[in-house]
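J.: Listed below are the residues making up each chain.
2 protein chains.
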Amino acid sequence: MAGGKQVKNKQIIFKDYVGGFPKESDMVLKTGTMKLEVPQGVKGVVVKNLYLSCDPYMRARMSKLVGSYIESFTPGSPVVGNGVAKVLYSGDPNFKEGDLVWGMTGWEEYSLITATEFLFKIQHTDVPLSYYTGLLGMPGMTAYAGFYVICSPKKGESVFVSAASGAVGQLVGQFAKLLGCYVVGSAGTKEKVDLLKNKFGFDEAFNYKEEKDLDAALKRYFPDGIDIYFENVGGEMLDAVLVNMRLRGRIAVCGLISQYNLEKHEGVHNLFCLITKCVRMEGFLVSDYYHLYPKFLEMVLPDIKEGKISYVEDVAEGLESAPAALVGLFSGRNVGKQLVAVAN
Amino acid sequence: MAGGKQVKNKQIIFKDYVGGFPKESDMVLKTGTMKLEVPQGVKGVVVKNLYLSCDPYMRARMSKLVGSYIESFTPGSPVVGNGVAKVLYSGDPNFKEGDLVWGMTGWEEYSLITATEFLFKIQHTDVPLSYYTGLLGMPGMTAYAGFYVICSPKKGESVFVSAASGAVGQLVGQFAKLLGCYVVGSAGTKEKVDLLKNKFGFDEAFNYKEEKDLDAALKRYFPDGIDIYFENVGGEMLDAVLVNMRLRGRIAVCGLISQYNLEKHEGVHNLFCLITKCVRMEGFLVSDYYHLYPKFLEMVLPDIKEGKISYVEDVAEGLESAPAALVGLFSGRNVGKQLVAVAN
Numbered sequence: 001m002a003g004g005k006q007v008k009n010k011q012i013i014f015k016d017y018v019g020g021f022p023k024e025s026d027m028v029l030k031t032g033t034m035k036l037e038v039p040q041g042v043k044g045v046v047v048k049n050l051y052l053s054c055d056p057y058m059r060a061r062m063s064k065l066v067g068s069y070i071e072s073f074t075p076g077s078p079v080v081g082n083g084v085a086k087v088l089y090s091g092d093p094n095f096k097e098g099d100l101v102w103g104m105t106g107w108e109e110y111s112l113i114t115a116t117e118f119l120f121k122i123q124h125t126d127v128p129l130s131y132y133t134g135l136l137g138m139p140g141m142t143a144y145a146g147f148y149v150i151c152s153p154k155k156g157e158s159v160f161v162s163a164a165s166g167a168v169g170q171l172v173g174q175f176a177k178l179l180g181c182y183v184v185g186s187a188g189t190k191e192k193v194d195l196l197k198n199k200f201g202f203d204e205a206f207n208y209k210e211e212k213d214l215d216a217a218l219k220r221y222f223p224d225g226i227d228i229y230f231e232n233v234g235g236e237m238l239d240a241v242l243v244n245m246r247l248r249g250r251i252a253v254c255g256l257i258s259q260y261n262l263e264k265h266e267g268v269h270n271l272f273c274l275i276t277k278c279v280r281m282e283g284f285l286v287s288d289y290y291h292l293y294p295k296f297l298e299m300v301l302p303d304i305k306e307g308k309i310s311y312v313e314d315v316a317e318g319l320e321s322a323p324a325a326l327v328g329l330f331s332g333r334n335v336g337k338q339l340v341a342v343a344n
Numbered sequence: 001m002a003g004g005k006q007v008k009n010k011q012i013i014f015k016d017y018v019g020g021f022p023k024e025s026d027m028v029l030k031t032g033t034m035k036l037e038v039p040q041g042v043k044g045v046v047v048k049n050l051y052l053s054c055d056p057y058m059r060a061r062m063s064k065l066v067g068s069y070i071e072s073f074t075p076g077s078p079v080v081g082n083g084v085a086k087v088l089y090s091g092d093p094n095f096k097e098g099d100l101v102w103g104m105t106g107w108e109e110y111s112l113i114t115a116t117e118f119l120f121k122i123q124h125t126d127v128p129l130s131y132y133t134g135l136l137g138m139p140g141m142t143a144y145a146g147f148y149v150i151c152s153p154k155k156g157e158s159v160f161v162s163a164a165s166g167a168v169g170q171l172v173g174q175f176a177k178l179l180g181c182y183v184v185g186s187a188g189t190k191e192k193v194d195l196l197k198n199k200f201g202f203d204e205a206f207n208y209k210e211e212k213d214l215d216a217a218l219k220r221y222f223p224d225g226i227d228i229y230f231e232n233v234g235g236e237m238l239d240a241v242l243v244n245m246r247l248r249g250r251i252a253v254c255g256l257i258s259q260y261n262l263e264k265h266e267g268v269h270n271l272f273c274l275i276t277k278c279v280r281m282e283g284f285l286v287s288d289y290y291h292l293y294p295k296f297l298e299m300v301l302p303d304i305k306e307g308k309i310s311y312v313e314d315v316a317e318g319l320e321s322a323p324a325a326l327v328g329l330f331s332g333r334n335v336g337k338q339l340v341a342v343a344n
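Going down the list, the sequences are from chains A and B.
Here UniProt numbering is used: the first residue of the first sequence is 1, the next is one more, and so on.
Here UniProt numbering is used: the first residue of the second sequence is 1, the next is one more, and so on.
Read the hints as simulated data drawn from the structure, not as lab findings.
You may find that some hints are simply not true.
Pairs count within a copy or across copies, as identical chains cannot be separated in the list.
Derived DSBU-like pairs: lysine-lysine, alpha-carbon spacing no greater than 35 Å straight-line [what the hints assert, rightly or not]:
| no. | residue 1 | residue 2 |
| --- | --- | --- |
| 1 | 10 | 155 |
| 2 | 308 | 8 |
| 3 | 48 | 277 |
| 4 | 64 | 219 |
| 5 | 277 | 15 |
| 6 | 277 | 43 |
| 7 | 177 | 197 |
| 8 | 199 | 154 |
If you're wondering where the values come from, they're calculated on a predicted model, not measured in any experiment.
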């Protein structure tokens, strides 16, 4: 047993399974109490949560899932997600008091984490800690594995990224530019399009909501076709991309955010292009690639410190703001990586 | 100049571009004359066609194509396709009179072939010559490259093949069985299902037309899911397969025959499964793999001679029967590889 102090613990409780678009009222703020201790015989850590991450895949966990790769949230319990936290008490020899960690935690002020195998110790603190919810955390690894491993990119290739100003997209675009690719991104507001061009160095960017004909938009930016598509949205955009792929193109299927709140996903009609253009389309889960995390940090930390990689975060202040921040992802309200600052 | 004799030449003329299901009347038999010679200065061969191949991809060539990987047939000219032929006169140093070849030829009794780079000399004649339209020709190479290269199969994996009694499907299933996989095929008649089980040694087979719920059918045969799907049909079947794929499964997209005659291809709704199961879905064209042809023959010829591989052909007799044979592919009338015997 370690610790013992009793504290108030604000929590964001997941109320019940959701159909369609999630609403703020699907979650509720509750204040309970928590004994800051790791119970006897339990391998775990008690942490104080500093930053919580809002990620699109969390929508799936709000549905009642059966036999899925992830589990549903538990109605009546706090929302669960990636976050950055500080270890207060440890009952696990791999962690000690004061350690900073990132990984799966609860949407609350304090958490007892027993699945410590999914926690990463933060070794580099000369970058903003909040980055470990994004650039240096799960979304960063997603961009890295999805782009470098799944897309097998080559210098000079033409890369298209959808939802390009999001946590993953902004990185994929910058990785592609650093490699010497031609990179175009799509996003849903003028502000985001400006960010892509002026902040992240995309060669071109467009607002998909202002394009009546996505096929024509893609032909404008890719007259010779697309070698690599980093897919974050699905639906109509995927159909338009398929007809614009080049021979032996690759599509990394990272997310389909346009579809997550639909009863039935939209149909994709142009899969025949996979044959005629010999395209490889591959889904992936970042959890398969965490063994590459040290290699990823080795590549990305110098780039961050030298200012070669920019990163934009949309920080909601306070645990109270977490439900609105999460729900906002699905209307594209966030600009850049959405996170919640819980404590300093 | 080689040759010079004038002969009558029956031809199957492609009348005009087709929308929807092709009909026999989209082609017409005509008898012309042909001078059996290779014109001065032309690198080519004059051949007598022996067998012609009917393949699903030919449907695409009946449409008006723009910027496609293949060219439309020319209205008013003979249908073009793979065939087995005998060289009568050669104006190409790589071929000589009497050579047997397979490759692109015309739907007619005699052809002048100038694109000799797409002709393969037949070296092994101790197997039926007609096999070079199928098992030992383009469909065989398609099965070989699609299964061994695209699907990266491993012993013990679960393999599903649609249109499994067709030219390509029957081979994929047998290759998978020889490797030690569990193999299930779907087809559209009881006769074909029986063939799959009794002739080709599939572990199980079912008639998709008798299944109200394809998802349930797949769950019956694959309670633990599908590792490899060899896709020949598309549409509903693909949607049902997607939800039944196993983690890190592979889908070789070879053809989508259920879709070829539709104005707009059906929508596929379950692509999200590519992410949740980390599935790779890859289209391919056999023309990228012809450099493997010698290796393929080395593997497959002994298996044929030892009776380890069976092959079922559906032979239409006479050039006159070619239009019906081709059109029949799209209603599934053929049992096994559809070909046309033009001459002995």
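J.: All hints are to be evaluated individually against the structure, with a verdict given for each.
T.: Tested hints:
1. Within a single copy, residue 10 and residue 155 get their C-alpha atoms no closer than 49 Å, and across copies no closer than 53 Å, so neither meets the 35 Å cut-off.
2. When the C-alpha separation of residue 308 and residue 8 is checked against a cutoff of 35 Å, the pair qualifies neither within a copy, at 42 Å, nor between copies, at 73 Å.
3. For a Cα distance limit of 35 Å, the shortest separation of residue 48 from residue 277 across copies, 34 Å, qualifies, whereas the shortest one inside one copy, 51 Å, does not.
4. Taking the shortest Cα distances, residue 64 and residue 219 sit within 35 Å of each other only across copies (21 Å), while inside one copy they are farther apart (40 Å).
5. Within a single copy, residue 277 and residue 15 get their C-alpha atoms only as close as 47 Å, which misses the 35 Å cut-off; across copies the closest is 28 Å, which meets it.
6. Taking identical chains as interchangeable, the C-alpha atoms of residue 277 and residue 43 lie at most 35 Å apart only when they sit on different chains, with a minimum of 30 Å there against 52 Å within one chain.
7. In the homo-oligomer, the alpha carbons of residue 177 and residue 197 lie at most 35 Å apart inside one protomer (12 Å), although the nearest pairing across protomers, at 53 Å, exceeds that limit.
8. For a Cα distance limit of 35 Å, the shortest separation of residue 199 from residue 154 inside one copy, 23 Å, qualifies, whereas the shortest one across copies, 46 Å, does not.
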